[in-house]
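Using the sequences and the hints, build the whole thing.
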Amino acid sequence: MKKLALGLAPIVVLAAVAVWSTCRITGAGAGVPGDAAWARASAAVRETHRPGDLIVFAPRWIDPVGRLHLGDLLPIEMAARMDADRYGVIWELGIRGARAPETRGLRPVWTGTFGGVEVRRFERVPAEVVSDLVAIAEAAPGRLQLGGLAARGPQVVLAEVGFEPHRCVQVVPSPGQEVTVTFPAVALGGELVGAVGLADVFTRRDVRTPIELIVQAGGKEVARATAGVDDGWVRWRGATTPGTADVTFVARAVGGAKARDRLVCFAAEARR
Amino acid sequence: MSDVRFLPGAREGHKSIPTTPAGGRVATTDARVWRKGWWIRSAVALGLWLAAFVLVVSAQGDVGIARDETVYMGHGTKYARWWLDTLGGKDGQVSEKGITASWGGKGATDNNREHPPLMKTAFGLSEIVLHDKLGVASEVTAYRVPTAAMFAWLVVVVFFWAAQVWGTATGVIAALATLFLPRAFFHAGLATFDAPIATLWVATMYAYWRSLRSPGWAIGAGVLFGLSLATKHNALLMPFALAPHFIYVVVRQLRAGQPLGRMWLVAPAMMLIGPLVLIALWPWLWFDTVAHVRDWLKFHMNHVHYNFEYLGENWNAPPFPWHVALVTTLFTVPAATLAAAAAGTGVWLRQAVKGEAPERETAPGLLLFLSAAVAMGPFFLGSTPIFGAEKHWAAAIPSLCIAAAVGAVWAARCAVAALHELRELWTHPHLELGAICVVGSLLVLPAAIETIHAQPRGLTHYNAIAGGAPGGADHGMNRQFWGESARGVLPFLRSRPPGPVYSHDASPAWGIYIRDKLLPPTMRDAGREEAGIAASRIALVIHELHFNRHDYLIWSAYRTTRPVFVLRVDGVPIVSVYERPR
Chain F
1 MKKLALGLAP IVVLAAVAVW STCRITGAGA GVPGDAAWAR ASAAVRETHR
51 PGDLIVFAPR WIDPVGRLHL GDLLPIEMAA RMDADRYGVI WELGIRGARA
101 PETRGLRPVW TGTFGGVEVR RFERVPAEVV SDLVAIAEAA PGRLQLGGLA
151 ARGPQVVLAE VGFEPHRCVQ VVPSPGQEVT VTFPAVALGG ELVGAVGLAD
201 VFTRRDVRTP IELIVQAGGK EVARATAGVD DGWVRWRGAT TPGTADVTFV
251 ARAVGGAKAR DRLVCFAAEA RR
Chain X
1 MSDVRFLPGA REGHKSIPTT PAGGRVATTD ARVWRKGWWI RSAVALGLWL
51 AAFVLVVSAQ GDVGIARDET VYMGHGTKYA RWWLDTLGGK DGQVSEKGIT
101 ASWGGKGATD NNREHPPLMK TAFGLSEIVL HDKLGVASEV TAYRVPTAAM
151 FAWLVVVVFF WAAQVWGTAT GVIAALATLF LPRAFFHAGL ATFDAPIATL
201 WVATMYAYWR SLRSPGWAIG AGVLFGLSLA TKHNALLMPF ALAPHFIYVV
251 VRQLRAGQPL GRMWLVAPAM MLIGPLVLIA LWPWLWFDTV AHVRDWLKFH
301 MNHVHYNFEY LGENWNAPPF PWHVALVTTL FTVPAATLAA AAAGTGVWLR
351 QAVKGEAPER ETAPGLLLFL SAAVAMGPFF LGSTPIFGAE KHWAAAIPSL
401 CIAAAVGAVW AARCAVAALH ELRELWTHPH LELGAICVVG SLLVLPAAIE
451 TIHAQPRGLT HYNAIAGGAP GGADHGMNRQ FWGESARGVL PFLRSRPPGP
501 VYSHDASPAW GIYIRDKLLP PTMRDAGREE AGIAASRIAL VIHELHFNRH
551 DYLIWSAYRT TRPVFVLRVD GVPIVSVYER PR
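In order, the protein sequence lines correspond to chains F and X.
So that you can map any letter, position 228 of the first sequence is 228 in our numbering, and since no number is skipped, the others follow by simple counting.
So that you can map any letter, position 336 of the second sequence is 336 in our numbering, and since no number is skipped, the others follow by simple counting.
Accuracy of the hints is not assured; some may be wrong.
What the hints assert, rightly or not - Pairs of lysine to aspartate or glutamate residues, derived as EDC-like cross-links and limited to a Cα-Cα distance of at most 20 Å, are as follows:
| id | chain 1 | residue 1 | chain 2 | residue 2 |
| --- | --- | --- | --- | --- |
| 1 | X | K517 | X | D132 |
| 2 | F | K3 | X | E421 |
| 3 | F | K3 | X | D132 |
I should point out that these hints are in silico values taken from the structure, not numbers from a laboratory.
Here it is in structure tokens:
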């Protein structure tokens with residue numbers, strides 16, 4: 001019998017692989033919820049959704065389908081946010097057991113499953129934003145003071161940084177130059193939080209030099225961050241004294257390199 | 001076995017030929033058997049060729065137009081017309097000026113001179129004959145027919161090679177395993193070079209191998225090497241597989257005290273005939289040959305690194321991960337084929353250790369291994385661009401398919417031997433054939449189902465190990481490239497009010513879609529990048545990680561993040577369509 005079992009083992013294994021692989025391939029689509037499930041899930045969200053509630057999708061690759069069903073509740077400013085800290089309510093719609101990074105460590109207050117779309121509602125105390133520097137730059141670009149030689153900017157753009165959307169202040173230092181962007185008289189809280197990265201995949205590919213951002217509040221350095229071509233959206237934070245002060249961002253290529261097309265993209269919020 | 005003179009094809013189709021469970025076979029010098037076998041093999045080969053050709057040509061009808069195809073189609077027609085005019089006696093064609101006008105220029109990519117011309121010329125001739133003259137095929141299909149024919153030829157070459165060494169059944173299974181590779185099948189339906197170079201690579205290897213016994217094949221090996229060079233620069237790697245194999249065979253022969261005969265002829269034949277064929281087929285090399293060859297190679301040595309997603313990261317600069325070729329192959333070749341190939345490789349290794357490998361003198365197993373290793377080799381270096389993935393080492397996969405067939409036949413023979421041990425009753429003369437059919441089906445049917453399932457969006461396909469297309473997305477594998485999947489949203493676009501379309505990566509194909517009446521002329525291409533989006537009423541984004549920026553450009557212009565349609569493959573988004581809010 002042992003000889004028989006050994007002799008038949010290869011054919012049995014091959015048969016098992018054949019059946020398993022066929023089922024897995026032909027059934028692959030069944031593991032991803034279709035439009036009917038998404039419609040039910042989005043209806044559930046719409047029942048209690050309020051303007052300002054953040055909606056996120058997981059895994060990242062299902063994002064277009066999520067926006068197809070709930071994109072009208074996801075304005076550009078929200079989709080291209082600096083981070084999720086300012087949102088007190090987060091709706092997460094996930095499939096295949098995936099979770100969004102924005103809800104890491106949070107406990108849902110409500111969950112529902114709709115044909116494979118898992119909907120979770122999270123509530124938390126949001127970060128209290130005293131000043132949004134991107135909003136300031138957008139509302140009054142003339143207020144910004146530029147120092148040094150910039151090839152472009154500063155201007156508020158919707159940029160691709162680390163393959164994600166981010167609204168940011170973008171400035172491109174001329175090769176070998178250091179650029180300063182000063183926001184005068186910014187209302188500050190206890191901390192200044194922000195992020196920086198290199199925008200545009202093609203210039204990241206062609207020029208590999210990282211950039212450095214130095215953040216000063218009232219003439220004093222409060223944070224410093226370095227962003228390389230593969231680092232994406234790099235977070236930073238620094239303590240500030242509540243009150244009003246000038247906030248200055250110093251952007252340059254690391255090591256003073258004469259790198260062209262460094263699309264420095266940064267966002268910042270003063271928080272209570 | 002070693003004392004039996006090899007006679008190609010002598011060992012198939014004859015019940016009395018003894019076999020071993022390990023797949024070793026005993027040769028015969030019976031000329032009658034050989035002739036009979038030859039006819040059977042030829043009939044099988046013809047059937048395989050026809051089946052492959054018809055299946056590929058039928059399937060490509062739903063496949064969108066790949067960005068590179070549009071370039072090769074246009075230049076192919078130009079090249080073909082140059083040849084027709086030249087052969088028709090038109091004046092000035094072969095002057096430097098006449099050649100440059102169609103084949104070259106000062107710029108590195110003028111007249112697409114960075115790629116050899118064989119397949120482009122074939123595309124152009126096919127379009128002129130099948131579409132323009134005979135009207136039996138659409139323009140796009142006519143351009144694609146030569147690739148389909150070449151792929152069908154690959155299936156046949158694999159059949160002949162495997163059949164000659166391991167028997168007809170092995171040959172048939174290997175050929176079908178080659179036919180039913182979802183990614184290769186997809187590329188077989190495009191007017192590009194990837195399927196043809198895989199064919200010519202394997203055909204050259206086969207002709208070289210035949211020449212070791214039959215020196216007359218050396219001429220064929222030289223010609224095929226030249227055709228390979230005239231197809232794609234991958235051919236330059238072939239000597240790295242052939243040379244060590246040739247050295248191994250020669251050393252082995254000398255150690256055994258056997259004369260080399262005219263075996264050596266293949267080396268000069270390939271070195272001389274190969275380049276001559278390349279030059280003959282490429283008028284751009286008819287003057288300033290060294291400079292033009294240098295330019296051609298320089299272009300590829302300094303090729304721009306396109307963006308490509310692999311295991312969740314976008315890669316566009318070296319060092320690239322060393323394991324790209326292994327993981328991608330593991331994720332794209334049908335699982336049953338991989339499982340059988342693992343068994344077949346084990347059989348080969350055991351035979352090699354025991355000295356029982358068939359055709360030890362010419363070492364076909366070693367050659368197939370070297371062929372695969374060299375085809376994949378550059379991708380282990382970390383400096384070779386990884387865009388295009390498996391299509392760039394497609395020549396390696398037939399070796400895998402032959403190994404799979406050897407493994408399947410071995411599994412069948414193991415089962416028969418075991419049943420024979422159990423009961424004497426299990427000795428029916430057709431039992432082995434039946435077992436091979438069953439096991440062959442276990443390999444071929446899942447692969448066929450997978451290949452059908454993968455069409456027409458073959459580039460989004462991943463196998464069961466990856467978890468299908470959704471598993472590929474979960475693993476962060478590239479979802480597609482070349483923009484061909486835009487074809488899938490054309491029915492939706494036709495249902496929308498007319499207006500300019502930002503066609504994104506499908507821009508080069510847009511005019512052909514309109515010409516083929518897949519879109520109304522009112523849905524013209526709006527242009528490129530921000531200006532195109534600004535001028536558009538509808539905008540497409542073809543999803544690749546590095547194309548995310550196009551979503552954001554559209555959001556900015558249309559002031560919405562909401563697409564109106566998302567094309568999916570097994571639930572995985574591949575194209576989003578936005579409509580400018582009224």
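Hints versus structure:
Pair hint K517 of chain X plus D132 of chain X holds up; C-alpha atoms about 18 Å apart against a cutoff of 20 Å. Proposed proximity of K3 of chain F and E421 of chain X is supported: the alpha carbons are some 8 Å apart, at most 20 Å. For the hint linking K3 of chain F to D132 of chain X, the alpha-carbon distance of about 64 Å lies beyond 20 Å, and the restraint is violated.
Comparing the model with each numbered hint stated earlier shows that hint 3 is the single one that does not hold.
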